[in-house]
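Undergrad: Given next are the chains, with one letter for each unit.
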Amino acid sequence: MEIELTRRAETVNELLARYGVKFGIYKNNEFKEQLFPFDTIPRIIKKEEFAYLEKGLKQRVMALNCFIRDVYGDRKIIRDKVVPEEFVYISSGYLAPCDGVVPPRGIYTHIAGIDLVQGKDGSWYVLEDNLRVPSGASYPMIAREICRKSSPGTFEEYHVEDNRDYAKLLRWTMDYVNTGGHTVILTPGRYNAAYFEHSYFAEKTGAHLATGRELTVEDDYLYFVDYSGRREKVGAVYRRISDEYLDPMTFNEESVIGIPHIYDVYRKGHVALLNAPGNGVADDKGIYYFVPKMVRYYLGEEPILQNAPTYLPYYEEDMQYVLEHFDDLVLKDVAEAGGYGVVFANKMTAGQKEDFIALLKREPRRFIAQEVIDFKDIDIVENAKRVPRKADLRAFVLMVDEPVVWKSGLTRFSRNPDSFIVNSSQGGGFKDTWVLSQ
Amino acid sequence: MKTLQFHYHMEIAFSEPVHSHVYTLKCLPVTGAAQRIEACAYRISPESRVREGMDSFGNRMLYGTVEEAHSLFTVDVSGTAVTDVPRPVPEGDRREPSAYRYQTPLTRAGERIRRLLADCGGTAGMPVCDRVRGYMEAVHESLRYEKGVTDIATAAEDALALGRGVCQDYAHILLSLCREERIPARYVVGMLIGEGESHAWVEVYDGERWRGFDPTNNVAVEDAHIKISHGRDYRDCSINRGVFTGQAGQSQTILVEVAET
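Line order of the protein sequences matches chains A and B. Here our numbering is used: the first residue of the first sequence is 1, the next is one more, and so on. Here our numbering is used: the first residue of the second sequence is 439, the next is one more, and so on.
In isolation and in its complexed conformation, chain A is listed as follows (with noise of 0.2 Å):
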């Protein structure tokens, strides 16, 4: 199929780079800013495929907010013996300090990148539940937009599903759980990876954009100061910034960045914070495993999403598969995210191999091993020729009284042939995604 767009990338990606759609690296300790480079070949997934994944996503997002709200409340899952004590406890996303505090609406993941790939028979897997404060999503929307404007017709003539809808629903999903205030996009500040996102989304829901030192608190409510001086109570905050930096009082006494006191504000229940601290608990790549079987317990059904085959040498016999089968798997540091911490055992030198089954017995809950999963490839553009890359797909899934999944989604590449690592973090490029209306 040629797309009368795919002529037009220079253009885009002009215009991108001109509206200052950047990501931000960290590379050998040091902050560079790059473009995110825009391939104009869509992700296209036809109407019936996206019933079935949106179908799958509502029920594993809903299935996660229960386990959180269980393991911060009642610990049913626990003491029923279905997810190990120790996976809880241990995990760095695990807060004490969110025991017992109920958000409002019960809700956890307001907002949620479950990232999934496609393998080469077509079947769908999720490969990460993202809830922390996942992010890409304002990527696609400018690619959108802008794409409309130097190849107008491409869009009708496709039946494509505007995306452009989701700024209405991060709004009422903010909204929702606003327990009475203003809105507030939370930013670290303008040297933050994601920062254009964060612009982005205030501009286009109509909250205002705030770091920290705009915020304060007082007899337990939140309050907005503008420039001259003025307050405005605040009622939910959309925070793009970690749990460990969001409060000093409570968590990282140096953080900076944070509102002191702002986690007693949440407790008291004067304020939504979105998504709701804590929540991390349950986008650990050791809890990942047991997600299929959240969806038995808190919902009583069969998954409809499965997760890439996954081993937790925690069990005897998982490990002992991992030995045998070590070459044709890679292994996850459950502790690290953005691409970090993951390693393919066939590209490990047999020195390499020796340490790290070593480090594997010892630490045998630190990891998750992973059957490496053959996903199909997606055409890119490069040097006027089409080549084939790996990509994957992060699906946003937004909680308001059910979850609600939007009709688009970040595909991500690697730009490198041979790597199937996507992250942006990594250097990698990104796609729109159509989702075709008939």
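Hints in this document: simulated from the structure, not taken from any laboratory. Heads up, the beta-carbon is just placed ideally off N, CA and C, and yes, glycines get one too. Among the clues, some could well be false.
Per label pair, the in silico range of CB-to-CB distance [as the list claims (entries may be wrong)]:
no.: 1; chain 1: A; residue 1: Asp162; chain 2: B; residue 2: Gly687; range: 54 to 62 Å
no.: 2; chain 1: A; residue 1: Asp401; chain 2: B; residue 2: Arg647; range: 39 to 47 Å
no.: 3; chain 1: A; residue 1: Asp74; chain 2: B; residue 2: Val488; range: 27 to 35 Å
no.: 4; chain 1: A; residue 1: Lys76; chain 2: B; residue 2: Glu698; range: 39 to 47 Å
no.: 5; chain 1: A; residue 1: Glu218; chain 2: B; residue 2: Asp514; range: 23 to 31 Å
no.: 6; chain 1: B; residue 1: Ala451; chain 2: A; residue 2: Asp401; range: 53 to 61 Å
Cβ-to-Cβ under 10 Å is the rule here; a few derived chain A residues that face chain B [as the list claims (entries may be wrong)]:
no.: 7; residue: Ile78
no.: 8; residue: Val88
no.: 9; residue: Ile90
no.: 10; residue: Gly100
no.: 11; residue: Met249
no.: 12; residue: Asp264
no.: 13; residue: Arg267
no.: 14; residue: Lys268
The hints should help you fit chain B onto chain A, whose structure is shown.
TA: Chain B alone, transformed into the frame defined by chain A:
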């Protein structure tokens, strides 16, 4: 059982005036387990509107903001506690004892702690309190009490390697030993008859209730200790957290008096 009068005084002296001083204090003893607090009053200076709250461990919190410039910040708490009450009273902690079986970055065991545990010999099968008494003795023997050589960020393994430390280090090492054996153990901050500063020790769950062990003094906790707070390690229990605006050095002084009535 004893009835104890206590007075806790903390002051922070700043080298230059500071302002917008935000604080959270966990300095109020609470009724629970083996103690009953019969009276408790506090005063924080300079005056500010003080809010009250409770953390997830059931510790009481006082917090607020001193907006005005000040060079001295003081907290005084006084009251009456009945210790070692015959029947345990319910406590505010809703966490299951088993949640306290896991190491934290401050208690994580290294070579030295594992060796100390091995030196204690096989104790599996013995009653929990007997095992912990053995560990307590081992910790007490392995460390010499000395101030100023460790700080609030010193991990158990490092303090043991140094062979010196204060009550916090003794407590972290004992926690580490217990948790290596998957015995639920928590860090306790409190006050003690005859000790002029705040103190730290350990509570262990014996299957029925939490029991205190004070490795610094190598004694089981009975009626001379008043508990203020508990958590997984020092970090959950810091008596004072604060951030302020101003370039100033600060020095903290704590004075504690506990006397039997």
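Undergrad: Return the numbers of the hints above that this structure violates; sort them in rising order.
TA: Failing hints: none at all.
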